[in-house]
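If you read the sequences in order, they're chains A and B.
Every position in the first sequence, counted from 1, becomes a number in my numbering once 3 is added.
Every position in the second sequence, counted from 1, becomes a number in my numbering once 85 is added.
By construction, these hints were calculated from the structure, which means they are not laboratory data.
None of these values were measured; they are calculated from a predicted model.
Using N, Cα and C, we set each Cβ at its ideal position, and we do this for glycine too.
One or more of the hints may lead you astray.
Unchecked claim - The list that follows gives simulated cross-link-like pairs (lysine-lysine, DSS-like), each with its CA atoms no further than 27 Å apart:
1) A/489 with A/415
2) A/190 with A/45
3) B/218 with A/637
4) A/637 with A/617
5) B/149 with B/188
6) B/149 with A/624
To be verified - Distance windows between CB atoms, simulated:
7) B/283 with A/174: 18 to 28 Å
8) A/37 with B/375: 34 to 44 Å
9) B/286 with A/669: 35 to 45 Å
Okay, here's what each chain looks like letter by letter:
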Amino acid sequence: MNKYNNFYKLIIVGAVLFTTPSCKKTFLDEELTTAVGNEFYKTDPGIQQLAVGTYYQVFEVPTNGEWYYCATNYGTDEFHIGGDPSNSPWNNYDPTFNPALATSGNLQGANNQWDALYIGIGDANLLIQNATNSTSTSDAIKKTALGEGYFMRAYCYLRLVSQFGAVPLKLSPSTTVELEFTRQDPKDVYDQIVKDLQQASNLLPTSGGPYRITKDAASHFLAKAYLYRSSEINSSWNSSTIAADLAAAVTLCDGIISRHPLASDFKSIWNFTGINSANETLPEVILSAQLTNDVTTNLGTGNTQHLYFVSRYDIQDQMARDLTGDRPFSRLATTYYDYRLYDLVNDSRFWKSFRTKSAVNGTTTAPNVKGDLGIMFVIDQPGDTRFPLSKISKGTIGTTYSLVNDVNGTGKPIPTTYVAYPNGRTTDGALNTDLTTAYQAFPSLSKHLDGSRNALNDVQGHRDFILARSAETYLLAAEAKIRLAKAGTGSYADALPYINAVRTRGQFVNGENRAAYNDGGNTLLSASLQPAGVSNSFYPGNSYYESNNIPTTTAASASLAITDFNNLPAQDQFVINTLGLSTIYDKMLCLVLDERSRELMGEYHRWADLSRTKTLVSRAKAFNVEAATNVADKHLLRPIPQTFLDGIQASGAALTAAQKQAMQNPGY
Amino acid sequence: MDVYTSNTSDLLLQRSIPTVTGFNTTFANIGETANNGVDISLTTVNIKQKDLTWTTTTTAAWQKEHIVTLSNGKQNDISNSWFIDQPIGVIYGYKALGLWQSKDAGEMQAFNANGNAFSPGNVRVEDVNGDHKIDGNNDRQIIGWTRPRWIVGMTNTVSYKRLDFSIFLYGRLHYMYNYGGETEPARYVTREVNYYNENNINAEFQKPIFNAGGAPLDPYYASLGYLNASFIKIRNISLGYNFNSMAKLGLTSLRIYAQVQNPGMLYSQIKFRDMDVVGPTWNRGYTLGINASF
Chain A
4 MNKYNNFYKL IIVGAVLFTT PSCKKTFLDE ELTTAVGNEF YKTDPGIQQL AVGTYYQVFE
64 VPTNGEWYYC ATNYGTDEFH IGGDPSNSPW NNYDPTFNPA LATSGNLQGA NNQWDALYIG
124 IGDANLLIQN ATNSTSTSDA IKKTALGEGY FMRAYCYLRL VSQFGAVPLK LSPSTTVELE
184 FTRQDPKDVY DQIVKDLQQA SNLLPTSGGP YRITKDAASH FLAKAYLYRS SEINSSWNSS
244 TIAADLAAAV TLCDGIISRH PLASDFKSIW NFTGINSANE TLPEVILSAQ LTNDVTTNLG
304 TGNTQHLYFV SRYDIQDQMA RDLTGDRPFS RLATTYYDYR LYDLVNDSRF WKSFRTKSAV
364 NGTTTAPNVK GDLGIMFVID QPGDTRFPLS KISKGTIGTT YSLVNDVNGT GKPIPTTYVA
424 YPNGRTTDGA LNTDLTTAYQ AFPSLSKHLD GSRNALNDVQ GHRDFILARS AETYLLAAEA
484 KIRLAKAGTG SYADALPYIN AVRTRGQFVN GENRAAYNDG GNTLLSASLQ PAGVSNSFYP
544 GNSYYESNNI PTTTAASASL AITDFNNLPA QDQFVINTLG LSTIYDKMLC LVLDERSREL
604 MGEYHRWADL SRTKTLVSRA KAFNVEAATN VADKHLLRPI PQTFLDGIQA SGAALTAAQK
664 QAMQNPGY
Chain B
86 MDVYTSNTSD LLLQRSIPTV TGFNTTFANI GETANNGVDI SLTTVNIKQK DLTWTTTTTA
146 AWQKEHIVTL SNGKQNDISN SWFIDQPIGV IYGYKALGLW QSKDAGEMQA FNANGNAFSP
206 GNVRVEDVNG DHKIDGNNDR QIIGWTRPRW IVGMTNTVSY KRLDFSIFLY GRLHYMYNYG
266 GETEPARYVT REVNYYNENN INAEFQKPIF NAGGAPLDPY YASLGYLNAS FIKIRNISLG
326 YNFNSMAKLG LTSLRIYAQV QNPGMLYSQI KFRDMDVVGP TWNRGYTLGI NASF
């Protein structure tokens, strides 16, 4: 036993002696395999993952939440407060819309947009740095990833400069806490944007869109940056670049247009028939944020923009909330500008952009049954005497009036009918009266509706978010031509072919059923997802014939093409008269802004378009009832967030009140 | 009794930084704090007689901390609410002076001419630099600190013959709490709020402004949420009786007792919240018990 013990001790001593040197190496050196450090970003897979993360922050994050529509659709001529004014400061420009506006509940603070964009820029800077330093021989790393980095940085700066004017230019990643920042003039910011987009355009591949950034996507945004730089808001300093910018913009647009033909039918762009359906990859789409039903890639709650344009169909008579009707957040209501803007007889785009009919889907009252026409919005013209009230329903008719019958369908009474111009009324606003009651009724913009969600109140959407499509490219070119004509190059008539291409695409074609309707709500994954006893509120028709009051026809619509710029369409003439425009340039700019609305309604461009052309104040005063009383010139730029001013320093010292004021945009 | 003073340097905290860097927050050595305090614990026997004993144990802790320097030197850091010579955890904002009244019409007009939109019943906040314009650069101030200066406790125990009684008090004093103010949302369950209307102009809270969604239209309503939070609470009362000679029942001892946990506040500046648990709800418990040993 004793012998054994000694032997045992010997083994232990020997083991310690012989293994000690190797212990030092293998035992103390820890290899961290569960966390990713900055070193990872220098590898090829690291750079590609960095690119994916930057895509996410720059393209997908904005679609998830409320600041995106606040900053781009609210407070314009196109949309105003729906029934839910959670974010009313962004539309109304009231005194609460100030630098210190803080996020609370649904309300978006002054800093949300700023923060999201700068974090995107931080990611892009990291991507650019690592792709630049990479010694990889792979094109996907050295060229594509680098091009994507440049593109996304420029994309964020273009949004920033169009919202805030002068902003800090941060072009390298931070590795320490930096606090000293100053605002760079818009001129410097645009110089950087143009430089980045030119580099991106040289580096990026020609294919891979619309989910990967392509050369054409870079060109589209470069043309847009040229046009923004040439706009009125920059007129104090842009004279040296304007001629070259506009000419370059036209050339770029012509190239993109040749490679991205318009879809033959406006409807097919929005014809979302299910997750990743064919409409999302049409050649017309140049760039979009990709969303799928893969929850691991839709971090957070995916694209939630389907919520905000929907009116409260669910509380109307015999109606119930359902998946095809979407969850009605009722934030953005259509304005009367939208009802006056379209040639409602010949332009199909209104009827393909808005939901004007819903089907009875709740607890029914005889003679109605589920599937009958339940809600109808009649978008008629001033002076129409056919309908006595703006809302015709059991609750409003009393004994004097009766419900409107569904003369083009079942013939049965329609439980709820809304009328834009009732009882011969010639002034706007009849439909706005219900917005302050529980019945928040307006025709919902249907471009973002998403019935493919997994549950009734699920906010997670699966639709792609279009960032650029060639119809916009046409209108960028048209605007550049108009600006060139003003500067003495070419004629205003040069813009017409571009505008007409978009307009004529919007016509009804021969044989088309003008009352046919579809939208993304009609994509129910399974009937079992609907609440018990509730059927689809989606209705496959629109109020074309009830609104226009014309006989049924399947002929092609009259041409929408404009042949003479001195003879603009009646709808544009109406806007021109309302705004009191007199010069040919102002009228043509008005036309292109109107056309952008008709084509790109609710596609998150509007506020920047009105701000840069300095038409925000006049258009909001004329067409946005809540904004009209407050909107002023200072609102052409957003307030610089107080959180930024509070957080930075100058020469090692926190900013004084006077320094902060000096750094703020004027008027705030 | 302990008296202490301590200095802490290289304090590692999460701090928010300008997003222009590409990041929201970072962990950093933020600086140096100093802390002075006194802890007192005192037990007194107030009465000690044959049948009656009364003892009192009192504990009190007083603490005052302040930031000596931050990583950028002696510079206030508003975005993190860190101010030199102030404690960590202060409320920084507009100081409410009450509500605007119709008799202040002239004063309101002066503000409204500069872009404010005050009307009677709105929250009136202090215009620190007196320029008749409420703005974030000039008119925010340090309202108070959110860590209590005093934490006190007291236990009284009285026994009389076979009866014993004890009561435990606990309190936090001399600090403030920001509960957010009243958004006056009609849609949700809310406590009874003393709000301004034409018949109640000397109200505690601002007038409600119609808004179906939730953005409170009074920009300074939150200033009415900064409240003095001091309180003294009765945490526990107990009463017991010890029976003697239970031998014929086969027991060596028998005690019956009754206890109440959290019977209520002795004193609290905020009436609608239990500041001990920092919430509107708390547990109140009654215990009746028998201790028997066989």
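Each hint tested on the structure:
no., hint, in the structure
1, A/489 with A/415, "violated, 56 Å"
2, A/190 with A/45, "violated, 33 Å"
3, B/218 with A/637, "holds, 17 Å"
4, A/637 with A/617, "holds, 11 Å"
5, B/149 with B/188, "violated, 42 Å"
6, B/149 with A/624, "violated, 55 Å"
7, B/283 with A/174: 18 to 28 Å, "violated, 58 Å"
8, A/37 with B/375: 34 to 44 Å, "violated, 56 Å"
9, B/286 with A/669: 35 to 45 Å, "holds, 37 Å"
Hint violations for this structure: numbers 1, 2, 5, 6, 7 and 8, all remaining hints satisfied.
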